[in-house]
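S.K.: Now for the letters of each chain:
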Amino acid sequence: MMNRGGYFQSALGGRMVASLTGLGLVGFVIFHMLGNLQIFEGGDALNGYASFLREMPILLWAARLGLLAVAVFHIATTVRLALRNRRARPVAYVVHQYRSASLASRTMALSGGLLLFFIVFHLLHLTAGLVDPSIPNRLDAQGHLDVYGKVIHAFQNPLYVAVYFAGQLVLGLHLSHAVSGSLQTLGLEHAALNRLFKTAGPAVAVLVVLGNLSIILAVFLGLIHT
Amino acid sequence: MKFTLKIWRQQGPNEKGGLATYEADEIGPDMSFLEMLDGVNQRLILAGEEPVAFEHDCREGICGSCSLVIDGVPHGPDRGITTCQLYMRRFSDGVTITIEPWRARAFPVIKDLVVDRSALDRVMRAGGYISVNTGGAVDGNAQLIGKEQAETAMDAASCIGCGACVAACKNASAMLFVAAKVSHLASLPQGKPERARRVTAMIEAMDDEGFGSCGNLYECEAVCPKSISVRFIATLNREYLRAGIVESGVPADPETPHAESD
Amino acid sequence: MMTLDPKIPPGPLETKWDRRRFSEKLVSPANKRRIKVIVVGTGLAGASAASTLGQLGYEVECFCFHDSPRRAHSIAAQGGINAAKNYQDDGDSVARLFYDTIKGGDFRSREANVYRLAQISTQIIDQCVALGVPFAREYGGQLANRSFGGVQVSRTFYCRGQTGQQLLLGAYSALCWQIERGQVTMHPRTEMLDLILADGHARGIVVRDLVTGRVTARTAHAIVLATGGYSNVYYLSTNASGCNVTATYRAWKQGAAFANPCFTQIHPTAIPPTETYQAKLTLMSESLRNDGRLWVPTAPSDNRPPDTIPASERDYFLERRYPRFGNLVPRDVASRAVKSLCDEGRGVGPGGQGVYLDFSDVIEQQGIDVVRERYGNLFDMYRRISGEDAYRVPMRIYPAPHYTMGGLWVDYNLMSTIPGLFVIGEANFADHGANRLGASSLMQGLADGYFILPYTIGHYLATAKVPLLPDNHSASQAALERVTSRVKKLLDAGKRRTAASFHREVGRILWDHCGMERCETGLKLALQTIPALREEFWRDVAVPGSGDAFNQELEYAGRVADFLEFAELLCYDALHREESCGAHFREESQTADGEPQRDDVRFAHVAAWEYRMDGPPVLHKEPLTFEFVQPTTRSYQ
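Chains as they are written, first to last, in this note's numbering: chain V, 649 to 874; chain S, 5 to 266; chain P, 25 to 661.
Hint data in this document are derived by calculation from the structure and do not stem from the laboratory. Heads up, the beta-carbon is just placed ideally off N, CA and C, and yes, glycines get one too. Hints should not be assumed to be uniformly reliable.
For each label pair, taking beta carbons as the anchor points, the in silico distance ranges come out as [said to hold, decoys possible]:
| # | chain 1 | residue 1 | chain 2 | residue 2 | range |
| --- | --- | --- | --- | --- | --- |
| 1 | S | R13 | P | R563 | 24 to 34 Å |
| 2 | V | V854 | P | D331 | 50 to 60 Å |
| 3 | P | S659 | S | R13 | 54 to 64 Å |
| 4 | P | Y415 | V | A810 | 51 to 61 Å |
| 5 | S | Q153 | P | Q390 | 28 to 38 Å |
| 6 | S | T100 | P | P640 | 33 to 43 Å |
Whole structure, please, built from the sequences with the hints as guidance.
M.R.: This is the structure we're talking about:
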């Protein structure tokens with residue numbers, strides 16, 4: 649048997665790392681969306697949830713670092729594979745047609761790259777507050793950080809709505825192939841369950857995107873306000 | 005019928021290639037695609053030019069020699085066939101057809117449309133066999149193999165090794181080829197003793213040949229002349245995981261897998 | 025003077041092979057490592073022989089002209105492989121398989137060889153199962169069988185319609201293992217172009233690297249040819265386009281006897297040719313004749329669509345002539361009936377080359393679904409090639425050259441008349457006599473490669489003790505010179521006609537005069553026209569490019585050149601055999617109602633031909649004696 653390093657060094661081993669880390673990130677994205685959906689319960693609920701997360705700084709930072717590590721692994725592995733794939737065909741076809749591959753599956757590297765940009769932007773924007781100086785950074789009546797106010801402020805601006813909208817589409821595109829593809833990469837295949845596995849990706853993508861977009865749209869259309 | 009052909013011409017592996025245009029006249033609808041190319045070549049030879057090099061042998065879809073990318077799709081517009089099984093009635097009169105070789109780092113062009121696919125042989129050598137000696141095999145019925153199991157093995161084993169999966173893959177990956185072989189042997193009891201070594205060795209060999217990785221685009225299945233299912237890729241992945249996890253404690257030196265039999 | 029000693033062991037039939045194996049000398053394991061064997065060809069016979077020799081410890085060099093050993097034409101065999109396993113308990117036995125094969129070959133094969141083949145048949149199945157060949161299975165997990173080729177027992181093992189492919193991939197995987205172990209060195213894209221002979225022994229071969237064009241001499245202690253048959257001498261055949269006679273023909277020119285070249289099998293159910301540029305005839309499984317009925321319109325050149333011709337104006341010719349077997353008569357009988365009808369101008373379809381194979385009755389009686397289930401893939405294949413839907417209009421079929429029973433003469437040990445030159449598989453004159461039964465070629469190829477040659481070659485190597493030919497030996501130099509001058513001659517010719525046009529023409533001559541029905545005048549005419557055509561070939565053939573590079577046209581022209589010579593040998597043999605037996609039908613030798621007439625008094629022999637540089641080939645006869653079976657008349661009426 650080859651050593652562990654060799655195992656994950658192989659293209660297939662790399663794919664498995666990418667799939668496992670990817671599925672971990674998908675889990676976070678779902679969790680993130682569910683948490684944010686509390687905005688529909690009002691400012692107290694969302695701010696309470698946010699401060700609950702911050703009440704345990706060690707756990708929070710451990711989770712953040714863990715998430716960062718997973719993301720770094722995911723990106724490093726997929727970049728390594730993408731470079732390898734690029735080398736695998738040095739001369740391109742003059743004419744090339746895809747017969748069955750979905751748009752999402754063909755653009756994973758592009759959607760992944762754009763997604764990275766979007767996530768960095770999102771962190772700088774809503775977490776660090778560095779993008780928009782006018783974003784309010786105050787406490788609410790309960791003394792919690794007013795995350796609710798931040799979100800409302802952000803999505804009243806059509807420019808940010810447009811950026812987040814685009815980001816969500818890219819996220820949806822990436823996820824719709826990523827989830828089903830990862831299941832295949834991890835060898836999950838069964839005659840009775842294949843349809844479930846095939847639809848899992850698009851289903852997760854649609855749910856996450858719709859959930860996130862509902863927040864943005866609700867704010868922008870004035871359904872939620874301060 | 006009449007066609008304009010744009011054919012990839014390349015003198016050798018290290019030469020620069022390009023598309024050249026040829027007219028194919030007086031083509032009958034009952035001619036096969038390769039017979040159409042034969043006709044073009046006959047005229048080129050008489051005109052003192054070099055004929056277009058392309059591979060073919062059995063011309064009935066089983067040897068896996070023919071290997072043309074026709075208008076951007078390996079083996080052309082029909083599904084479940086090889087290039088030699090494609091007939092000219094499939095094309096509209098007067099159209100332009102582009103013909104290119106399989107393209108992959110692992111398949112260097114030898115000349116024109118002929119590529120070197122020996123990388124697939126080297127992957128096979130790494131482990132695509134059951135190590136049994138001739139003679140002394142037990143009776144064929146000594147081991148019962150269920151019909152379903154035998155059929156699954158046969159589905160995978162029907163791979164003709166043409167390399168269309170590699171040609172169609174965005175990443176020039178040979179996963180479907182390796183998956184077919186690994187699944188064939190892994191689904192039979194005879195193949196079980198060596199399954200862990202086989203899959204790791206073949207995956208390693210595939211990487212060494214410079215094939216890309218699988219992105220689950222399933223173009224391979226769509227162009228496979230034997231319609232081999234991508235579910236065998238899942239089987240291969242499972243075999244690989246199994247080899248990595250379940251059998252990770254088995255000591256063996258990958259450098260000399262057959263030390264005991266030498 | 026050439027002697028034909030078949031070296032058949034004495035004693036009872038059942039123990040001949042056992043006793044031969046016991047009396048053989050063995051090579052000690054330590055010596056095997058120092059012995060080099062060349063195997064040319066990687067079909068069933070070549071791949072199984074090379075892998076087994078490698079496993080035994082010999083240093084094996086294996087050559088094939090394909091890009092990969094896995095592409096040899098054995099891969100295209102569809103039906104199955106026979107074995108006397110008697111798993112169905114329907115009365116099969118080694119003796120019965122032996123008898124069926126001898127009788128099917130119309131009593132023109134050696135009893136001892138055929139009996140050994142039948143004995144070994146069972147081991148082949150076991151070996152292939154061990155290699156992971158996915159044979160069809162019953163629900164209970166046992167191996168499935170089908171009946172094939174008109175025999176009365178069910179003894180054919182199969183992998184869907186791809187048995188040849190699976191058996192070849194099995195042998196190829198065994199070969200891969202030996203290559204990985206370093207026992208076999210594989211040389212793909214390398215074609216054998218001559219044989220090196222010194223002191224009367226085969227000592228090496230001359231090969232051309234098809235990518236670089238480099239011509240080199242390769243020496244070894246023994247040479248094994250597994251280079252297949254020569255059906256492509258007819259131009260249109262069911263063989264792959266690369267199949268050729270060059271290796272065996274070159275060996276013949278160096279002194280190996282060529283046996284029974286006129287025994288060529290023509291398969292009745294191929295899709296008819298339509299276009300001039302057509303390069304290949306595609307075989308449709310013989311099983312179609314189980315349910316389809318063959319007919320032509322009673323009136324010549326009746327051009328009405330088939331479904332408008334009433335039953336009273338149809339001639340179901342096989343049922344009419346052979347009421348007992350009807351449409352299920354053996355291949356040669358059916359092929360001949362079809363060809364003679366078409367020659368009378370009663371054929372259907374383009375050029376009148378074809379007869380109807382009609383499924384409308386079975387569709388009416390059993391329903392279209394039954395037919396679809398049984399033959400769906402064949403109907404699909406037919407539609408793809410002809411563009412017609414055989415569920416609605418009858419198929420058209422026409423005979424096609426398919427297999428050659430003739431080949432280099434070999435003794436019981438599979439050694440040719442040149443010591444050290446062994447010939448296996450379709451390339452030897454084999455165990456099929458004058459006609460091969462369905463599902464027997466795979467059996468013979470694997471029997472030779474896995475189980476017979478690896479034993480018998482050891483005896484030669486242990487006893488002959490001929491050292492490796494030193495480098496630059498004059499014999500090697502002479503052979504190299506023969507090859508390079510031929511290549512140069514091809515490249516220097518007049519460039520007025522393509523090699524394919526010559527190939528088509530010689531094929532046409534043979535098809536007309538040395539195809540299914542042969543007669544003295546026709547054969548003599550062919551023997552006059554072929555040399556003239558050959559002369560024109562060497563003067564006018566157009567071979568572009570150079571000899572120092574990848575040049576497919578050069579490869580092809582070289583093979584056509586050999587076909588142009590070999591065609592003559594084929595005609596000489598057909599002319600000499602003034603009898604009708606098996607696939608060989610002489611118009612002069614038939615009964616009053618047109619049935620073949622065998623002549624056991626004059627022709628119960630193997631015709632082995634010796635090459636002469638200065639004249640026609642010389643005939644040597646190996647008499648065939650039948651101690652254990654009594655030759656009977658094959659009758660299907």
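S.K.: Now tell me if each hint is right for this structure.
M.R.: Verification of the supplied hints:
1. R13 (chain S) and R563 (chain P) have their C-beta atoms about 30 Å apart, which keeps the hinted 24 to 34 Å range intact.
2. About 54 Å separates the C-beta atoms of V854 (chain V) and D331 (chain P), a value consistent with the hinted range of 50 to 60 Å.
3. The beta-carbon spacing between S659 (chain P) and R13 (chain S), approximately 59 Å, falls within the hinted interval of 54 to 64 Å.
4. For Y415 (chain P) paired with A810 (chain V), a C-beta distance near 59 Å keeps the hint of 51 to 61 Å intact.
5. Distance hint check: the CB atoms of Q153 (chain S) and Q390 (chain P) are about 31 Å apart, consistent with the given range 28 to 38 Å.
6. About 54 Å separates the C-beta atoms of T100 (chain S) and P640 (chain P), a value inconsistent with the hinted range of 33 to 43 Å.
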